[in-house]
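The listed protein sequences derive, respectively, from chains A and B.
Under our numbering, residues 93 to 198 are what the first sequence spells out, in order.
Under our numbering, residues 42 to 257 are what the second sequence spells out, in order.
Calculated directly from the structure, the hints in this document are not laboratory data.
Just so it is clear, the structure is predicted and the values come from calculations on it, not from any experiment.
Just so you know, even glycine gets a beta-carbon here, dropped at the ideal spot from N, CA and C.
Nothing false has been slipped in among the hints.
The calculated label-pair distances, taken between Cβ atoms and stated as ranges, are:
1) A:Ala158 x B:Asn126: 44 to 50 Å
2) B:Glu238 x A:Ala98: 30 to 36 Å
3) B:Met42 x A:Gly132: 22 to 28 Å
4) A:Asp175 x B:Lys156: 29 to 35 Å
5) B:Glu238 x A:Asp96: 30 to 36 Å
6) A:Gly132 x B:Gly92: 22 to 28 Å
7) A:Asp96 x B:Thr119: 28 to 34 Å
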Amino acid sequence: MEMDDATLERYARQVLVEEIGYDGQCAILQTPLRVTAPDGVWRDLVCRYLSAAGFPITVADGVDPALVVSGEKYRQEIPLGSDIGRLMMAVGQAITRVILSTASEK
Amino acid sequence: MYHVAVVGAGAIGNPVAFGLSQHWAIGRVTIIDADRVVLSNLARQPWFQTGDIGAYKAPLLVERVGGHQSVIKWQAITEMLREDNAGSLLADADLVIDATDNWETRLTIQDWARKWQRPWIFNSAVRLEGMSLGLIPGGPCLRCWFGTSQTEGPQCFEAGVLGSVTLAVAGQALTLFDQWVRNPRQPSGLWLVDGIEGKFRVISPKAMRCVHYGNG
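Assemble the whole structure, with the sequences as input and the hints as a guide.
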C-alpha cells in the first residue's frame with residue numbers, strides 16, 4: 093500500500109521513528125487487532141491508543157480482569173488491578189511492543 | 042483534595058489528564074496550553090479527532106476527559122506559560138505536571154516552584170524513550186540532575202515519538218504523584234521508559250539537597 097499525503101502527515105511522528113518507518117506504518121494500518129476486556133475506561137484507553145497509532149480494531153467484552161490485545165500473530169495480556177499510574181505504564185509499554193512487533197514484520 | 046496544574050495538553054498532557062480524572066486525590070485540575078490541534082497530533086493525542094483540527098487543545102481536553110465529572114473541577118487556560126504570567130496562572134496549584142516539549146517552559150515552572158516552595162513533575166519523551174522526575178522544594182533541581190548545559194536535544198518533530206511511549210511517561214508521572222501524596226518530603230528518582238527493551242528503570246538522586254536555588 094501507499095499512504096497519501098494526509099495519512100503520511102497524520103502518522104509523521106511515528107514514521108520518523110527509525111524502528112517503524114514508512115513500511116512499518118503501512119504494516120500497522122493493515123494489521124487488524126482485537127481488544128478483549130470488560131467495558132470501561134481502561135478498555136477505552138487501549139482502543140484509543142491502538143486506533144490512534146493506525147491499527148484497525150474490533151472490540152469484544154471480556155470477563156477476566158485483564159486487557160487482551162490479540163492479532164493473527166500476536167497476543168498481549170495486561171492484568172487490570174494495579175494503581176492508575178502503574179496500569180498506564182503497563183498499557184503504554186504493551187502497545188509499544190505491539191507497534192514494534194507489527195512494524196518489524198514489514 | 043489536591044489542585045494539579047498540567048502545563049501542556051499534547052502527547053503527555055492528554056494521558057496525564059486521563060490519569061488525573063481517575064485519581065481519588067484530585068479535587069481540581071487546570072490545563073494550560075495555547076496550541077491548537079493539527080493533523081500530526083492525532084496519532085499520539087488520542088482524545089482529539091479529525092474534526093478538532095484548528096481548535097484549542099486545552100478546552101477540548103477538559104471537555105473530553107473531565108466533561109462528565111462533577112467531583113473534579115476542571116479549568117482550561119489557552120495561554121502559553123511564561124515567566125510574567127506563571128505567578129497568576131499557577132497561583133493555587135498544589136503541584137505542577139510538566140507536559141511541555143521545551144526547556145524554557147520547564148525552567149519557568151521550576152523558577153515558580155522554587156519561589157513558592159511547590160513540587161512539580163518533569164516529563165519528556167522522544168523516539169522510544171521517556172523520562173519523569175519528581176522535584177520537591179529543597180531537593181535536587183533540573184540543574185542538579187542534568188548539569189548546566191541543558192540543551193534541547195532531538196525533538197519529536199525531528200526524531201519522532203510514539204503515543205504509547207508518552208502514555209507510559211504519563212503513567213510514571215501519575216506514579217510519582219502518588220509517591221508525593223504519600224511522602225511529600227522524599228525526592229524521587231529519575232524514572233526512565235525504555236520502549237525498545239520494554240523496561241522501566243529508576244536512577245536514584247545523587248544528592249538530596251539543591252545547591253542552585255538560594256531559598257532551597
